[in-house]
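A.B. asks: Could you build the full structure based on these sequences and the hints that come with them?
For the record, in the sequence shown the residue sitting at position 60 is 60 according to this note's numbering, with numbers rising by one throughout.
No lab work stands behind these hints, which were simulated from the structure alone. Each statement offered as a hint is correct.
Below, in silico cross-link-like pairs of lysine to any residue (SDA-like), each with a Cα-Cα straight-line distance of 25 Å or less:
#1 K82 x V47
#2 K15 x T32
#3 K58 x I210
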Amino acid sequence: MEPTPSSNQIAAAEKEFCDAFRRNHPFWWLITLFVPPVSAVAFCLVVGFTGGAAQLHKVLLTAAATFFFLGKFVILHSAPLKLFALVVYMDIMTGMLLVFHAGFLFRIPYLGSRLLVVARDSQQLLAGHPWIRRATFVGITLFVMFPLAATGAVGAAIFGRLLGMSRLSTFLAICLGSVLGCGVMVYGSVLIDKYVGRENPVLTIGGVAIIIALILLLNYRYRTMKKRAQIDEALTDK
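C.D. replies: In structure tokens:
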């Protein structure tokens, strides 16, 4: 198994690309850098003016819970179509920033080091699964479809490049994986409404407990696979 690049190597490679991208394609550099934050501010303003401060607060809490813990499972909660749009938007904007501007983001205090850890962890996990290397575009798409907050656009944006994919192909794989993964969750929400229902509080609490248990189980499995990849890499280096 090939050794996983160090955090410094990842940051240096992304900085080199970011500088070249800004120099050679200044228009697209500006578009891909400013569309995510500007659209996020515009979205918050629209929600705040139309739904009030309470609605904006709720949306921001949902976005934070999605990014740091629930992942795509948040769509199973309620209002699946609205949450589908929110999660897909978050994945696409995160993917756009990380695919084209990781070199800039890695230099932001605290945030940059956290992103580097996620990127390196994702690489170690994928490095232990050769089929993903062979699948390239499909592999990255499936990686983004995986519903955990620990995986997704951040790891896929970096690892897609290591697989030899172009920035555009990596970004498109992130978009496709997000739409498909969130679509599966919307279908799951429909099944819950059809066969379980949300009116019974006992069933609702039980369903939330099952989802949390599933998230914890998948996170445990993710950490186990990552640790095994780290061990395999250490053995390979000896």
